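Asks: Protein sequences appear in the order of chains A and B. In terms of the working numbering, the first sequence opens at residue 1 and continues consecutively. In terms of the working numbering, the second sequence opens at residue 1 and continues consecutively.
If you're looking for bench data, these hints aren't it; they were derived computationally from the structure. One thing to keep in mind: the hints can contain errors.
[Claimed, not checked] Distance ranges between label pairs, derived from CB positions:
1. A:D72 with B:G439: 38 to 44 angstroms
2. B:G152 with A:G22: 43 to 49 angstroms
3. B:G439 with A:E23: 36 to 42 angstroms
4. B:R149 with A:E23: 32 to 38 angstroms
5. B:H74 with A:K20: 49 to 55 angstroms
6. B:T395 with A:E26: 21 to 27 angstroms
7. A:D60 with B:D261: 51 to 57 angstroms
8. B:R57 with A:R3: 48 to 54 angstroms
9. A:P48 with B:G152: 35 to 41 angstroms
[Stated by the list, open to error] Every beta carbon over 12 angstroms from chain B, so not counted as near; a handful from chain A, in silico:
10. K59
11. A61
12. E64
Remember, it's a predicted structure, so these values are computed and weren't measured experimentally. C-beta atoms are modelled at their ideal positions from N, C-alpha and C, and glycine is treated no differently.
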Amino acid sequence: MARIEVKSEITGTVWQVKAKPGEKVESGDTLIVIESMKMEIPVITEDPGTVKEIRVKEKDAVAEGQVVAVLDG
Amino acid sequence: MFNKVVVANRGAVAARVLRALNEMGLHSVAVYSEADAGAPYLAMASETCAIGPAPARESYLDQDALIDVLRRSHADALHPGYGFLSENAAFAQKVTQTGVRFIGPSPQWIEAMGHKTRARGLAARYGMPMSQGSEVLPADAQAIAAAARAIGFPVLVKPAGGGGGIGMLPAQDEAQLTQAVERSRSMAARGFGTADVYLERLIERPRHVEFQVLADAHGAATHLFERDCSTQRRNQKVIEEAPAPGIERNRATAVAGQIADIMRKMGYDNIGTVEMLMGVDGCFSFLEMNTRLQVEHGVTEEVTGVDLVQAQIRSAAGEKLAEILPARLEVRGHAIQARVYAEDPRSFHPSPGKLKVFRPPRDPGVRVETGYAEGRDVTPHYDPMIAKVIVHAPTRARAIERLCGALEAFEIQGPKTNIPAALAVLRSEPFRAGRVHTGLIAEVLGQTAN
Numbered sequence: 001m002a003r004i005e006v007k008s009e010i011t012g013t014v015w016q017v018k019a020k021p022g023e024k025v026e027s028g029d030t031l032i033v034i035e036s037m038k039m040e041i042p043v044i045t046e047d048p049g050t051v052k053e054i055r056v057k058e059k060d061a062v063a064e065g066q067v068v069a070v071l072d073g
Numbered sequence: 001m002f003n004k005v006v007v008a009n010r011g012a013v014a015a016r017v018l019r020a021l022n023e024m025g026l027h028s029v030a031v032y033s034e035a036d037a038g039a040p041y042l043a044m045a046s047e048t049c050a051i052g053p054a055p056a057r058e059s060y061l062d063q064d065a066l067i068d069v070l071r072r073s074h075a076d077a078l079h080p081g082y083g084f085l086s087e088n089a090a091f092a093q094k095v096t097q098t099g100v101r102f103i104g105p106s107p108q109w110i111e112a113m114g115h116k117t118r119a120r121g122l123a124a125r126y127g128m129p130m131s132q133g134s135e136v137l138p139a140d141a142q143a144i145a146a147a148a149r150a151i152g153f154p155v156l157v158k159p160a161g162g163g164g165g166i167g168m169l170p171a172q173d174e175a176q177l178t179q180a181v182e183r184s185r186s187m188a189a190r191g192f193g194t195a196d197v198y199l200e201r202l203i204e205r206p207r208h209v210e211f212q213v214l215a216d217a218h219g220a221a222t223h224l225f226e227r228d229c230s231t232q233r234r235n236q237k238v239i240e241e242a243p244a245p246g247i248e249r250n251r252a253t254a255v256a257g258q259i260a261d262i263m264r265k266m267g268y269d270n271i272g273t274v275e276m277l278m279g280v281d282g283c284f285s286f287l288e289m290n291t292r293l294q295v296e297h298g299v300t301e302e303v304t305g306v307d308l309v310q311a312q313i314r315s316a317a318g319e320k321l322a323e324i325l326p327a328r329l330e331v332r333g334h335a336i337q338a339r340v341y342a343e344d345p346r347s348f349h350p351s352p353g354k355l356k357v358f359r360p361p362r363d364p365g366v367r368v369e370t371g372y373a374e375g376r377d378v379t380p381h382y383d384p385m386i387a388k389v390i391v392h393a394p395t396r397a398r399a400i401e402r403l404c405g406a407l408e409a410f411e412i413q414g415p416k417t418n419i420p421a422a423l424a425v426l427r428s429e430p431f432r433a434g435r436v437h438t439g440l441i442a443e444v445l446g447q448t449a450n
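Construct the complete structure from the given sequences, taking the supplied hints into account.
Replies: Put into structure tokens, the structure is as follows:
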């Protein structure tokens, strides 16, 4: 099983955590929504898998390129 | 006239209002969040006041903190700028109740125009040209679908309490409608404090043409012509110009005159902008009215020679339009503004970060409005606009040329900016020919990619 790291494309604040550990996700699913500069930007997984870890919680600050979730795919 | 004015905003508009206050010889109070401590424009104010942490809801949107500033500073007026609390009727009311003049229209107008379906109803009663739309949508999915069918697909879902294009989503059919309504409601609830949304007929390839109005507290209202703001991304304006290209002057002036008449009959009493969509058939339909100074007011100032911020302040202080404005208003030359956003020029995703290099162009005929300086951080807490570049020239072709030169000369390192996207549009054949519409950026960037 491959370990997949999902990264935020932008710097901002976590607005919503959509996925939970243990949940099965498909490619294109939104795991987390980041708020930055008055926009909501989804963090989307490109690969299907099972959510192993969500590394952020609501209101956390995230940086561009930061790993916000880990999947087993 | 006022003695001391609190500027309840940040960035480029705070700088712009402070400049006007200084030119008028008025005392000023600038407020700032922790993120904006040390911002360059704060030095322009007579006094400064910290109002809270970086997040806007804990600082620039904190009404109690701002009212407290009014009391402590003994100010007699507050300028809200644009965005933040500029169109919040409850805040305007609180300011007024504190015994301080809110520099804008009476709270009743902010209230009336702030809710889009109410504004449409009101404007329609006064004879404003209008496209088909729905009332605020009910919860029931069947009723929503019926409202859309009554208008005819495609429709546009819009937050009733909103502005700035936030939460506006098109739906081509019923399947898309359900999703669009749900998403729009979520964005509306968070952005505007009400989940009310409604439908309008989606006008394809429209132009966004808006009319600047100015009124006083004595029953007079006039217009300062129109602006074309069709070049948008994510329903937010990028390039704005005055006058609107390709519209006969007689027609533009006639529509503007009709709007000024409506404002006078309604009893509107300060600065405002009536935004219209112009279809490919040349018909105008009312979009909304902004009851505040507009981001793109500068292009109107350039072509009319009127300082709109000073005019707004003087009107709020009780002066008559006849004293504020020259006897005859006319359009001289052509002005264009590009908004410089800290964002990826292709995805338009925000790109905050430190401005390692920030050197605005300094050519004659080029005006730059900004609240930033080299070394400052562009934080994720606020709007991504970092500067406005405004040019004025005798003709539209020369204005385009001048703006391209200015944008090329603007050195910015750190955050990514939309300058490449703005240049691609300014140089495109449709833009140069004046064939602008709200989908132009996407079309031009699509073509560039091919």
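Asks: The structure should be examined with respect to each hint, and the outcome stated for every one.
Replies: Now for the hints, and whether the structure bears them out:
The given range of 38 to 44 angstroms is respected by A:D72 and B:G439, whose C-beta atoms sit roughly 42 angstroms from each other. In this structure the supplied range 43 to 49 angstroms holds for B:G152 paired with A:G22, their Cβ-Cβ distance being about 45 angstroms. Judged by the Cβ atoms, the range 36 to 42 angstroms given for B:G439 and A:E23 holds: they are separated by roughly 37 angstroms. Judged by the Cβ atoms, the range 32 to 38 angstroms given for B:R149 and A:E23 holds: they are separated by roughly 37 angstroms.
Judged by the Cβ atoms, the range 49 to 55 angstroms given for B:H74 and A:K20 holds: they are separated by roughly 53 angstroms. Here the CB-CB span from B:T395 to A:E26 is close to 55 angstroms, at odds with the stated 21 to 27 angstroms. In this structure, A:D60 and B:D261 meet the distance hint of 51 to 57 angstroms, their C-beta atoms being roughly 53 angstroms apart. About 37 angstroms separates the C-beta atoms of B:R57 and A:R3, a value inconsistent with the hinted range of 48 to 54 angstroms.
A hinted range of 35 to 41 angstroms for the beta carbons of A:P48 and B:G152 is consistent with their spacing of about 39 angstroms. Here A:K59 does not stay apart from chain B, with its beta-carbon only about 9 angstroms from theirs, under the 12 angstroms limit. A Cβ of chain B approaches the Cβ of A:A61 within 12 angstroms, the least distance being about 8 angstroms, so the stated non-interface status is violated. Look at A:E64: its CB is around 8 angstroms from the nearest CB on chain B, not clear of 12 angstroms, so calling it non-interface is violated.
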